[in-house]
Amino acid sequence: MRSLIDIQELSVEEINDLVKCAEDIIANPAKYSEMCKGKKLATLFFEPSTRTRLSFEAAMYELGGNVLSVSSAASSSAAKGESVADTAKTISSYADIIAMRHPKEGAPLVAAMNATIPVINAGDGGHNHPTQTLADILTIHCEKGRLDNMTIGLCGDLKFGRTVHSLISAMSRYENVKFYLISPDELKVPSYVKKDILKKNNVEYVQTSDLEGSISELDVLYMTRVQKERFFNEEDYLRLKDSYILTPDKLKTAKPDLSILHPLPRVNEIAVAIDDDPRACYFKQVYYGKIMRMSLILKLLEVVK
Amino acid sequence: MKIDSIKNGIVLDHITAGKSMEIYRLLGLDSLECSVALIKNVHSSKMGKKDIIKIDADIPLNLDAIGYVDPGVTIDIIRDGQLVEKKNISLPTTITNVIFCKNPRCITSTEQELPHVFRLTDVGNKVFRCMYCETKETN
Numbered sequence: 001m002r003s004l005i006d007i008q009e010l011s012v013e014e015i016n017d018l019v020k021c022a023e024d025i026i027a028n029p030a031k032y033s034e035m036c037k038g039k040k041l042a043t044l045f046f047e048p049s050t051r052t053r054l055s056f057e058a059a060m061y062e063l064g065g066n067v068l069s070v071s072s073a074a075s076s077s078a079a080k081g082e083s084v085a086d087t088a089k090t091i092s093s094y095a096d097i098i099a100m101r102h103p104k105e106g107a108p109l110v111a112a113m114n115a116t117i118p119v120i121n122a123g124d125g126g127h128n129h130p131t132q133t134l135a136d137i138l139t140i141h142c143e144k145g146r147l148d149n150m151t152i153g154l155c156g157d158l159k160f161g162r163t164v165h166s167l168i169s170a171m172s173r174y175e176n177v178k179f180y181l182i183s184p185d186e187l188k189v190p191s192y193v194k195k196d197i198l199k200k201n202n203v204e205y206v207q208t209s210d211l212e213g214s215i216s217e218l219d220v221l222y223m224t225r226v227q228k229e230r231f232f233n234e235e236d237y238l239r240l241k242d243s244y245i246l247t248p249d250k251l252k253t254a255k256p257d258l259s260i261l262h263p264l265p266r267v268n269e270i271a272v273a274i275d276d277d278p279r280a281c282y283f284k285q286v287y288y289g290k291i292m293r294m295s296l297i298l299k300l301l302e303v304v305k
Numbered sequence: 001m002k003i004d005s006i007k008n009g010i011v012l013d014h015i016t017a018g019k020s021m022e023i024y025r026l027l028g029l030d031s032l033e034c035s036v037a038l039i040k041n042v043h044s045s046k047m048g049k050k051d052i053i054k055i056d057a058d059i060p061l062n063l064d065a066i067g068y069v070d071p072g073v074t075i076d077i078i079r080d081g082q083l084v085e086k087k088n089i090s091l092p093t094t095i096t097n098v099i100f101c102k103n104p105r106c107i108t109s110t111e112q113e114l115p116h117v118f119r120l121t122d123v124g125n126k127v128f129r130c131m132y133c134e135t136k137e138t139n
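Chains as they are written, first to last, in my numbering: chain A, 1 to 305; chain B, 1 to 139.
Source of the hints: derived by calculation from the structure; they are not laboratory data. Check the hints yourself; a few may be wrong.
What the hints assert, rightly or not - Using 27 Å as the maximum straight-line C-alpha spacing, the simulated DSSO-like pairs for lysine-lysine come out as follows: (1) K159/A with K102/B; (2) K284/A with K250/A; (3) K195/A with K136/B; (4) K31/A with K305/A; (5) K199/A with K136/B; (6) K126/B with K200/A; (7) K102/B with K195/A.
All chains should be built: construct the whole structure from the sequences, respecting the hints.
Put into structure tokens, the structure is as follows:
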């Protein structure tokens with residue numbers, strides 16, 4: 001029995017296996033439609049998240065399985081003070097696999113240490129969100145046909161964005177991947193990410209605040225939202241906020257096969273006008289997220305080898 | 001200054017000068033009933049100055065806690081006045097309930113029963129991170 005708490009637990013070979021299985025699901029959905037018949041997924045969401053919870057539940061239904069769901073802490077025994085460990089032990093008697101989101105960092109790890117069934121971390125506070133990274137990886141693979149030899153631009157809030165750090169960590173393991181880290185000074189990638197991941201793996205990167213000046217170099221552009229509450233003063237926010245909004249104008253010098261990704265939800269950082277551009281992949285990314293969760297459930301339940 | 005030698009007990013030797021109080025506190029030696037001698041700034045040909053702790057009883061020691069504070073410490077086990085065992089301490093890879101996570105977003109902040117486990121993630125810089133939230137220790 002194995003769980004997935006942090007994307008770094010997966011080797012490159014295991015990620016490649018998940019991608020291969022996901023692509024087979026896309027090509028032959030009927031083959032997988034009954035594979036989890038009789039199996040139950042418990043989605044334990046102790047903080048609100050419609051998107052991720054529905055993605056997991058849709059994934060399990062498409063595999064022919066069933067779902068038990070807790071969609072808020074208020075409606076669960078956690079409200080009565082039950083520990084994560086006790087919840088995990090209890091749910092192990094009801095379900096075959098758990099997907100857990102929790103506001104406290106490390107809660108899914110505690111669940112995995114106490115459950116007798118696999119646990120998938122569906123987001124623990126601002127810490128880890130491995131299935132988002134898997135969705136990002138599948139999107140890149142399906143859109144580019146490879147995971148190596150490319151230049152990836154990450155734009156927006158690179159300081160607090162957990163999806164950004166996980167993606168850097170996962171993609172740094174592939175050959176000849178170069179990063180453009182595009183953000184205001186206030187929201188630069190933390191130094192430990194540069195030291196422990198980029199420099200350690202000899203990954204080439206450019207740190208800049210200029211989105212327009214670097215966009216022509218990119219094969220993939222991963223947008224994130226610059227949030228007002230991250231700034232010390234409103235003046236800085238107002239000065240910078242529009243620099244990191246992607247508009248058709250800023251795409252003028254971009255490559256014709258650029259892939260634009262975003263973990264969603266979007267607020268205003270990608271203009272709606274871009275949605276119809278063939279380079280916009282962020283809604284496809286939602287679909288790939290569901291497929292990758294199907295692939296992961298199959299692997300963790302050992303339904304496929 | 002003369003401190004009596006012990007008959008049955010433990011000597012923590014080669015403590016980096018100035019670190020003996022930290023080890024004393026971390027091991028909870030203040031709660032022992034037996035004699036405990038804490039000797040500071042002893043001349044050492046190898047270290048220049050060192051601290052020594054002598055405990056006049058054979059008690060279980062948290063070696064990981066000692067290794068976390070000062071991995072160069074040696075432990076001498078004394079029985080009937082004779083040195084019967086000498087242990088060298090090294091930097092532990094995991095420490096449990098020696099230091100505590102201060103991240104308010106960590107699961108340990110709300111679940112009091114959980115052990116506080118830190119893992120050594122950078123040997124060169126002696127960096128320990130919380131097993132649950134990966135926050136760097138700041139103790």
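Cross-check of the supplied hints:
Our distance criterion of 27 Å between C-alpha atoms is met by K159/A and K102/B, whose separation comes to about 20 Å. A distance of roughly 22 Å separates the Cα atoms of K284/A and K250/A; the hinted pair therefore holds under the 27 Å criterion. A C-alpha spacing of about 14 Å is found between K195/A and K136/B, which places the hinted pair at or below 27 Å, so the restraint holds. A C-alpha spacing of about 15 Å is found between K31/A and K305/A, which places the hinted pair at or below 27 Å, so the restraint holds.
A distance of roughly 19 Å separates the Cα atoms of K199/A and K136/B; the hinted pair therefore holds under the 27 Å criterion. Pair hint K126/B plus K200/A holds up; C-alpha atoms about 17 Å apart against a cutoff of 27 Å. Note on K102/B and K195/A: the hinted pairing holds, with a Cα-Cα distance of about 23 Å set against a maximum of 27 Å.
Figure legend: structure checked against the earlier numbered hints; every hint is met.
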